[in-house]
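Now for the letters of each chain:
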Amino acid sequence: MSKSKAPVLEAKNLVKTYGRVIAIDGADLQLFPGEILAVVGDNGAGKSTMIKCLSGAEVPDGGSMELDGAPITFKRQKDSRDAGIETVYQTLAVSPALDIAANLFLGREVRKKGPLGVLLRMLDNSGMRKRAKEEITALGIGTIQNISQAVETLSGGQRQAVSVARAAAFGQKVIILDEPTAALGVKESGQVLKLIESLRQRGLSIILISHNMPQVFEVADRIHIQRLGKRVAVVTPKSHTMNEVVAVMTGALKLDVKDQTLGPVR
Amino acid sequence: MSKTDSAIDAAETFKDRATTKQKVQTTLHNYPWLSSAAVLIVAVFVFSFGNENFLTTNNLSLILQQVAVIGAIAAGQTLIILTAGIDLSCGAIAIFASMVMAKTAFVNGWPGWAAFLLGIAVGTGAGAFNGWLITKVNLPPFIVTLGTFNVFSALTLFYATGRTIMDKELEPMFLYLGEPITIFSNFRITYGVLLVIVMYSILAFALRYTAWGRHVYAVGDDIEAARLAGIQVKRVLMSVYFSAGFIFAITSWIIIGRVGAASPNSGTNLNLDSITAVVIGGTSLFGGRGAIFGSLIGAVIVGVFRNGLTLAGVDLYYQTFAVGLLIITAVSIDQWIRKARV
Numbered sequence: 001m002s003k004s005k006a007p008v009l010e011a012k013n014l015v016k017t018y019g020r021v022i023a024i025d026g027a028d029l030q031l032f033p034g035e036i037l038a039v040v041g042d043n044g045a046g047k048s049t050m051i052k053c054l055s056g057a058e059v060p061d062g063g064s065m066e067l068d069g070a071p072i073t074f075k076r077q078k079d080s081r082d083a084g085i086e087t088v089y090q091t092l093a094v095s096p097a098l099d100i101a102a103n104l105f106l107g108r109e110v111r112k113k114g115p116l117g118v119l120l121r122m123l124d125n126s127g128m129r130k131r132a133k134e135e136i137t138a139l140g141i142g143t144i145q146n147i148s149q150a151v152e153t154l155s156g157g158q159r160q161a162v163s164v165a166r167a168a169a170f171g172q173k174v175i176i177l178d179e180p181t182a183a184l185g186v187k188e189s190g191q192v193l194k195l196i197e198s199l200r201q202r203g204l205s206i207i208l209i210s211h212n213m214p215q216v217f218e219v220a221d222r223i224h225i226q227r228l229g230k231r232v233a234v235v236t237p238k239s240h241t242m243n244e245v246v247a248v249m250t251g252a253l254k255l256d257v258k259d260q261t262l263g264p265v266r
Numbered sequence: 267m268s269k270t271d272s273a274i275d276a277a278e279t280f281k282d283r284a285t286t287k288q289k290v291q292t293t294l295h296n297y298p299w300l301s302s303a304a305v306l307i308v309a310v311f312v313f314s315f316g317n318e319n320f321l322t323t324n325n326l327s328l329i330l331q332q333v334a335v336i337g338a339i340a341a342g343q344t345l346i347i348l349t350a351g352i353d354l355s356c357g358a359i360a361i362f363a364s365m366v367m368a369k370t371a372f373v374n375g376w377p378g379w380a381a382f383l384l385g386i387a388v389g390t391g392a393g394a395f396n397g398w399l400i401t402k403v404n405l406p407p408f409i410v411t412l413g414t415f416n417v418f419s420a421l422t423l424f425y426a427t428g429r430t431i432m433d434k435e436l437e438p439m440f441l442y443l444g445e446p447i448t449i450f451s452n453f454r455i456t457y458g459v460l461l462v463i464v465m466y467s468i469l470a471f472a473l474r475y476t477a478w479g480r481h482v483y484a485v486g487d488d489i490e491a492a493r494l495a496g497i498q499v500k501r502v503l504m505s506v507y508f509s510a511g512f513i514f515a516i517t518s519w520i521i522i523g524r525v526g527a528a529s530p531n532s533g534t535n536l537n538l539d540s541i542t543a544v545v546i547g548g549t550s551l552f553g554g555r556g557a558i559f560g561s562l563i564g565a566v567i568v569g570v571f572r573n574g575l576t577l578a579g580v581d582l583y584y585q586t587f588a589v590g591l592l593i594i595t596a597v598s599i600d601q602w603i604r605k606a607r608v
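Here the protein sequences come in this chain order: Y and E.
In this text, residue positions in the first sequence follow this note's numbering: the first is 1, and each later residue adds one.
In this text, residue positions in the second sequence follow this note's numbering: the first is 267, and each later residue adds one.
Bound conformation, chain E alone (with noise of 0.2 Å):
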């Protein structure tokens, strides 16, 4: 015992020889979402002196209520980006799942939740085609989803016969999401962002507490070990898409209530939008490495950064400008942590 307990004090001063720069570099590789948080409490506190507004709570509620969406999309996207996978179609998924729940109640005549169960299994199914091509057709992710991206907008375009249907043509269950709870007087959120709140805690579980969850890292991490170790790959990869199609399903449900209308021609960025939420969160695009909740900060991020340079009096193009090289920040910090000796 005494000999082991040796060997551990030797490790030890071993390890308190790294200078403060590796320190940082194993910290921020042990916990990838800490430097996400940082940008978010430094842009926080940067925007405060931009413009008075800011940081009021009416504003951050405003903030959180347009990152709802987004943030709802990264989950998804997260997954799937975890197993070294990436998903185009999100957000014409989302727009689809969306009309088809708004139409067959407006215009079919269908009742209210079998509009939504339909949109939801429109949007699942569209997720599980995705992965069939990924896992039985054998082809690459970002191919199959750069297809269906079209394949979905087309079908949306198509069924929707381009019109959007307006908030007094639909069933009032669709904007539910959109309405408002007082957390505390100016401070209110609305259900969609409760609901995203809660769509985060459950996959957190799920990829820190299950096996499924350690299994989609692992394929992520390397596809050829984790078979070679008994994890059955394609079926995790499947479970991964469909539980994405799922997320993306309930996102239009989100999108409807943030938007007051469901309409065909929404969200063409949703997809490169969740991208840039997860990449900025910490996720690694090479699989393997990340953690949820940092998607969810990393929306934030964009968020915080549209409305403060908004009120900044900044002009669009340099608030995109600015989103551009978050994502190269974020991406070269990743490949820094990296090279982290632990």
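For reference, chain Y alone in the conformation it holds in the complex (with noise of 0.2 Å):
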């Protein structure tokens, strides 16, 4: 527990308003290296919108951003990937007609070395089969046999599986993943908090926008309270129970700065 270690992304003061809703005001949220930082609030609380300001999907009105202390500003998606964010969508933003490996490197296909990729434009389909399989078996995601599969024939958490190593394929500093669970049940749900540990243990930092409490004490090291628009709270699963958490999320419950834990825990 090292107190001097600074932010890998940090947001500070964001605004972000639709029309006469304010969907953030004023929001603050600071993401420390290695940890997983779990994001928690009640619908309208503003979690999405806060989440696209920092995967570059909306572009905030008002506050500043920080990827390793260096401002940034991203003006779509790939602007936060080319920074080393990957996003994990509820969607889950996959192809369900293309095979695992296709939708691997989906927006940022391999061409071949030599005259075929630079004259042809030829794809190198097996250095990216090879790269696909290497990926999903250093996830440990055992039950995905084949990676020329379409992923219409994968189940619902295989299906998560591969969008999930989608980002830690190429995610280098940070990963979110927007209600990772919420479409799955009670094994699959198991086998993807399995992955988000070991992406925690590749040395990524990673934010997971849940609604389920139980899961959100199991893996996170703190808990980012959103109420209103603005962060009210950060707590750690350790220092306060689920119960005191969702009287912060629904304002029954203030804590005082000095209850909080706002620096890193790792």
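Quick caveat, the hints were computed from the structure, so don't treat them as lab data.
One or more of the hints may lead you astray.
Interface residues of chain E toward chain Y, partial, derived using beta-carbon atoms under 7 Å [stated by the list, open to error]:
hint : residue
1    : Thr476
2    : Ala484
3    : Ala491
4    : Gly496
5    : Ile497
6    : Phe508
7    : Gly554
8    : Arg555
These numbers come from a predicted model, not from an experiment.
We put the CB at the ideal spot given by N, CA and C, even for glycine.
With the hints as a guide, bring both chains together as one complex.
Rendered as structure tokens:
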């Protein structure tokens, strides 16, 4: 536990409005290296909007963001990807008819080396399959046997795994997961949580948005509680109980700064 | 390693448990053009009993020449349908381009090559205009092309003043694609047929082996997923309508060669015929699924049906009836194989 650690990703005073609706109203967020930060909040607390700002899907109206201490502005998703932030969307953003390898490299396909790639723009399919296989194996997703299997033939948990593997393969610094277990059964949720843990062991920092309190308490290092477009508290699973977190979420309980965990815990 | 091997073995044994029906379904799912190829073989086999002249090299070359135009249009139509779009204006674009080529050369006295390039530019521009309306004005492809189908048809009649330009009035280069090449004895294909085959080969390569091709499938499969995966979906759609316009413009050259004249009144059914070829060829109207060569097979199937039924002495309306049944069967098979487990 070193207090001197600087955040890998930091958002200060973010504001985003849609017409008259104020989605986030001066929200802060700090993500420290190698931690899993859960973001919880009631519906309309501004979780998704904040995540969209961080992943470049929305451009904030005010506030600033820093990655490794350097100011960043994202105009589109590609900007955040180029900066090393990968997002796993709730809808997964996988193409059902394409196979696993094609999905892993969707939007950043690798061309063959030499004249075939340069002149004919031929894809390096075998190379991409090989890397996809390595990536899937590294994450320990044993149930996927065939890398050239169409994604639509996979179960919900496996699809989620493909989406997470894509983020893991290209994420350099931060991975954002939006409700990764919302559509999954108990066993599949367990798989995905394991995946998240293995990503952290690779040294990535993770933001996990979830409604599922037991899961949040199982994997998170710190819990960022959002309410009415602002961050109201940051706690840890050890310092507070589920009931207390829910109470803060709904506004029934207010936490003093000294009771919170604003610094890194790892 | 052994652990993964055993997992794979377990999966394989599980796979083997699939019933024959499921296996067929899975195979068709992986190779959507297989069912149309099977239909083609069966049709050729059956029609060879209908009339002894059917399975002659002479007749087979005739079928190929007859389907060249539909085949060419269907190539562009396939690209668009793969993105879950549709183009009702394809035939109108081709006819428009053919009239521009023929008339600028005959009436305005342009040299053949210049008239040809202008025709290609007009056709490609028309396709790009569709693409612009779809991606920038955000209109559904069906509505856009229904509108431009009427617009381009009207422009063609207006420009050509309803007059057909006959073969003697045409530049010789426009008729070039109608010239036959003898492959062996009686088996002749035209340069037009050859061009269609080359066109399909290029498209098949681009769709299968380039990132662009993969993006075309991804956009048709799930456009929002494609966007979130970082694909510039509007750029892909625009490129598809642009390329399709170019293909329709090239088709105008094939049409002039085939008909031996440039007529503003021809080709009214090219749009529906090309969609028929694409659907019978196993490409899904819902986008993201299908193979380009399937559409060529689809066009040939329609040609074989019409030719075979004619030779067997069947009336024209029964032929149309048969094509209708083919379409419904093809779409039913598409729906069925979508449910395949792999």
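Holds or violated: is the Cβ of Arg555 (chain E) closer than 7 Å to a Cβ in chain Y? holds (5 Å)
Hold the hint about Ala484 (chain E) up to the distance rule: shortest CB distance to chain Y must be less than 7 Å. holds (4 Å)
Holds or violated: is there a CB of chain Y closer than 7 Å to the CB of Gly496 (chain E)? holds (3 Å)
Hint Phe508 (chain E) vs chain Y: min CB-CB distance below 7 Å? Status violated, d = 17 Å.
Checking hints one by one. Is Gly554 (chain E) an interface residue toward chain Y, by the C-beta closer than 7 Å rule? Holds, about 5 Å.
Does the CB of Ile497 (chain E) sit less than 7 Å away from some CB of chain Y? holds (5 Å)
May I ask you to test the interface hint for Ala491 (chain E) with respect to chain Y, counting a Cβ-Cβ separation under 7 Å as satisfied? holds (4 Å)
Thr476 (chain E) was flagged as interface toward chain Y. Is the shortest Cβ-Cβ separation under 7 Å? OK, holds: Thr476 (chain E) within 7 Å of chain Y, min 5 Å.
The structure is inconsistent with hint 6 alone, although it conforms to all the rest.
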